[in-house]
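Asker: Assemble the whole structure, with the sequences as input and the hints as a guide.
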Amino acid sequence: MLSSNGYFTNSALIGLVLGQLVSLLVTSTGLFSSELSRRGIDAPTSQSFLNYLLLGIIYGGIVLYRRRPLQMKWYYYLMLGLVDVEANYLVVKAYQYTSMTSVMLLDCWSIPCVIILTAVFLKTRYQIRKFIGVAICIVGLVLVIFSDVHAGDRAGGRAPVKGDVLVIVGATLYAISNVSEEFVVKSADRIELMAMLGLFGAVVSACQIIIFERTELQSVHWTKDAVAPFLGFAAAMFLFYSTVPVLLKISGSTMLNLSLLTSDMWAILIRVFAYYEEVDWIYYVAFVAVAFGLVIYSSGKKEDETTFHVSADDVEGKARDQVTIPDRLEERGAYQALTSEEQL
1 MLSSNGYFTN SALIGLVLGQ LVSLLVTSTG LFSSELSRRG IDAPTSQSFL NYLLLGIIYG
61 GIVLYRRRPL QMKWYYYLML GLVDVEANYL VVKAYQYTSM TSVMLLDCWS IPCVIILTAV
121 FLKTRYQIRK FIGVAICIVG LVLVIFSDVH AGDRAGGRAP VKGDVLVIVG ATLYAISNVS
181 EEFVVKSADR IELMAMLGLF GAVVSACQII IFERTELQSV HWTKDAVAPF LGFAAAMFLF
241 YSTVPVLLKI SGSTMLNLSL LTSDMWAILI RVFAYYEEVD WIYYVAFVAV AFGLVIYSSG
301 KKEDETTFHV SADDVEGKAR DQVTIPDRLE ERGAYQALTS EEQL
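If you read the sequence shown in the UniProt record's numbering, its first letter stands for residue 1, the second for the next number, and so on.
These are calculated hints, taken from the structure and not from any lab test.
There could be a bad hint or two in this list.
[Claimed, not checked] Quick list of in silico lysine-lysine cross-link-like pairs, DSS-like style, CA-CA up to 27 Å:
{"id": "1", "residue 1": "K93", "residue 2": "K224"}
{"id": "2", "residue 1": "K123", "residue 2": "K186"}
{"id": "3", "residue 1": "K162", "residue 2": "K93"}
{"id": "4", "residue 1": "K73", "residue 2": "K186"}
{"id": "5", "residue 1": "K162", "residue 2": "K224"}
The structure displayed is predicted, hence computed values, not measured ones.
Answerer: This is the structure in structure tokens:
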């Protein structure tokens, strides 16, 4: 992290900046969703549609320019797009019922879900401190739900418990989406993933909008105050989807998790100072618990990687061996021929 002269290295500084950028983007999506909810606009799928459309157009253009065949089956991307769309739908829908702070904290439920899914499907091995961190996070999540039950209307929504349940289900789908994306990134191509996720995400979102949200969109008075949060949400989501892979490459998942943790802090500050809402004291206890649990979860050595990483490296290593063996045989034959000529 530190260079020999005591200052941060360039990569560490870039990682810190990108981490806070991602954190602010997550907070921004919550802010825009809360603003739309305050204006009585209930169209969560429509909010995400613009993001998927941008991903499909921009990254899809890059894929078309490359003119390469897809490295994964198209129906796999369709299923991934469906899961991702519904995850975004449920989490954004939750803003209609509970507070932004609850959504930001309860979204951390995806962490224990990711641990279970990666352990089962990617054969990931975790050290005991990871499970301790997850347990502490779950305690914090329980405190958030208890706070919403205790605070009632002061929680910032008309049905806080219902909103909490929506967030937890959405976070579970996020975990499924994230583990699937991890598999695709390590097996295929990041640009292809973003392009196909955008394409199928836009298709699924469009179908869902026609079925469920057409009436809602027709009833909206499309003033600039209503359009601005829509565009802001789409821009923040697009930048988030595009920045996370870069942050993972530079600083790894530990920096990502710790950076996303600060989004909860930004959410609380916005709620207190921008909306002048009262925050129940249990929130602060829950935040400390989640923060402490995430720090424990994120701590660990570099070697604590998934076995899928190793398998991918092994496959690449075998591929390199297959490519270089003929060259080595050719070099060996040339060497033997040269040796024979020298002996003659």
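Asker: For every hint, state whether the structure bears it out.
Answerer: Taking the hints in turn, this is what the structure says about them:
1. K93 - K224: With a Cα-Cα distance of about 22 Å, the restraint between K93 and K224 holds, given a limit of 27 Å.
2. K123 - K186: Holds: K123 and K186 sit about 14 Å apart, inside 27 Å.
3. K162 - K93: Cα-Cα ~10 Å, so holds.
4. K73 - K186: Holds: K73 and K186 sit about 15 Å apart, inside 27 Å.
5. K162 - K224: 31 Å, violated
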